[in-house]
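S.K.: These are the residues of each chain, in order.
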Amino acid sequence: MKEYLYYEDIALDSDVPVLLKQPTTTQLVMWAGASGDYYPIHYDKDYAQQRGLPGVIVHGQLVGGFLGQMMTDWLGEWGQLRKLSCSYRAMNFPGEPITCGGKVGKKYIRDGEHFLECNVWVENAQGEKTVTGTAVVLVPARSAVKNA
Amino acid sequence: MTGDFPDIEELKAKIGVDWEPAVYEIEKGMIRRFAQAIGDPNPRWQDENKPGGIMAPPTFITVIGFDRIQELLTRFKATLHASTEFECYRPVKPGDILTIFTRIDRLRERQGQTGRMVFLTFETVYKNSLAELVGTCRQTIIGY
Chain A
1 MKEYLYYEDI
11 ALDSDVPVLL
21 KQPTTTQLVM
31 WAGASGDYYP
41 IHYDKDYAQQ
51 RGLPGVIVHG
61 QLVGGFLGQM
71 MTDWLGEWGQ
81 LRKLSCSYRA
91 MNFPGEPITC
101 GGKVGKKYIR
111 DGEHFLECNV
121 WVENAQGEKT
131 VTGTAVVLVP
141 ARSAVKNA
Chain B
1 MTGDFPDIEE
11 LKAKIGVDWE
21 PAVYEIEKGM
31 IRRFAQAIGD
41 PNPRWQDENK
51 PGGIMAPPTF
61 ITVIGFDRIQ
71 ELLTRFKATL
81 HASTEFECYR
91 PVKPGDILTI
101 FTRIDRLRER
111 QGQTGRMVFL
121 TFETVYKNSL
131 AELVGTCRQT
141 IIGY
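Listed in order, the protein sequences are those of chains A and B. In this text, residue positions in the first sequence follow my numbering: the first is 1, and each later residue adds one. In this text, residue positions in the second sequence follow my numbering: the first is 1, and each later residue adds one.
Next comes chain B alone, as it looks inside the complex:
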């Protein structure tokens, strides 16, 4: 891990600024593949004949829109995930249309043993089509 550290001024300029909201339509196949990837056989996530139908595992929202965070991180030689913290207030079900609002909440620079590193904390708010709060998530990622 040698060479130039990426320019992070652009990231600094984005602290506290909401990105363009992104809209995700939740499909049952997304929920099924998510549960299968965890190896979670709970019928609540997959059995359409259950009263109330399918819902997503609560951890599902943490990956919605994570691709947009990843795009911003490609400037680093390597990244490591430091923490995830989420709250959920309403279940997510197939057919839900979620609008997500993400921003960089914090940026901290550190000098580590292997060189410079940046701790980036992203904050995301998830709302449904009635503009009700579905959940929130904070992701902290270390860029090298």
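Just chain A, same shape as in the assembly:
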């Protein structure tokens, strides 16, 4: 059974476990259907190239969804992702590997609730950060949970 993450046990600068992805063009079409984002630069190569792109590009929000998955995989059932911001700094292309990562940057207690603020990012195969952002998560505290 998965161990719960407790506020007291998580040190500043701890790593969020990495999540690896390699989106395919099929996945971009699945995302278009699931999200309602039918902008053709994500599935029509000619359309994308006419607009100066080398080819179809991965939806920024799909990459944001990968960061969300990285956070919820880490948090398990008790933690909650409360806030996620993503800046799309460079394009990701289908077929290329993506590494999602994060680090705990701040810990704080507000109104009796325990929060971690993490710096999160997405790296392409060249090690370039294509997305950077911040995730704020609410986690349980041993001090507040019976038998923790």
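No false leads were mixed into what you were given.
Quick list of the computed label-pair ranges, beta carbon to beta carbon: (1) B/PHE119 with A/ALA11: 36 to 46 Å; (2) A/GLU113 with B/LYS93: 19 to 29 Å; (3) A/GLY76 with B/LEU133: 17 to 27 Å; (4) B/LEU107 with A/PRO40: 19 to 29 Å; (5) B/PRO43 with A/GLY55: 33 to 43 Å; (6) B/LEU107 with A/TYR108: 32 to 42 Å; (7) B/GLN36 with A/VAL18: 15 to 25 Å; (8) B/GLN111 with A/ALA11: 43 to 53 Å; (9) B/GLU27 with A/ALA144: 28 to 38 Å.
Calculated from the structure, these hints are not laboratory results. For each residue, glycine too, the CB sits at the ideal point set by N, CA and C.
Chain A is fixed; fit chain B onto it per the hints.
M.R.: Relative to the frame of chain A, chain B by itself:
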């Protein structure tokens, strides 16, 4: 990317003005397809036999109503997504009826290397059928 830049006066006139609210009924198939598109196998999003049932991944709300933002962007020759920022306060589950309120919060014009561009920031508020706040989202998109 040459030719006339689209008329953005209509967009400027809409800054700060709430659009007609839109209502979305959340179905389990929408949540399942969303999780599958991300490639996220977490049973919380798909296993109906779990105590508490299915909930949507937190990033799900960012796509609800995004189609209405897209409609407004078709006037541009090309657009790129610059950023997404959301907060969520309550889980979204199948059967939820969400009412969303969207408006253009900011519009900034810039002269870039490839010509004129517009940074548009949209703000959306999501409420459930009890009028409780479910989440908020800010999307910034660059139009060329």
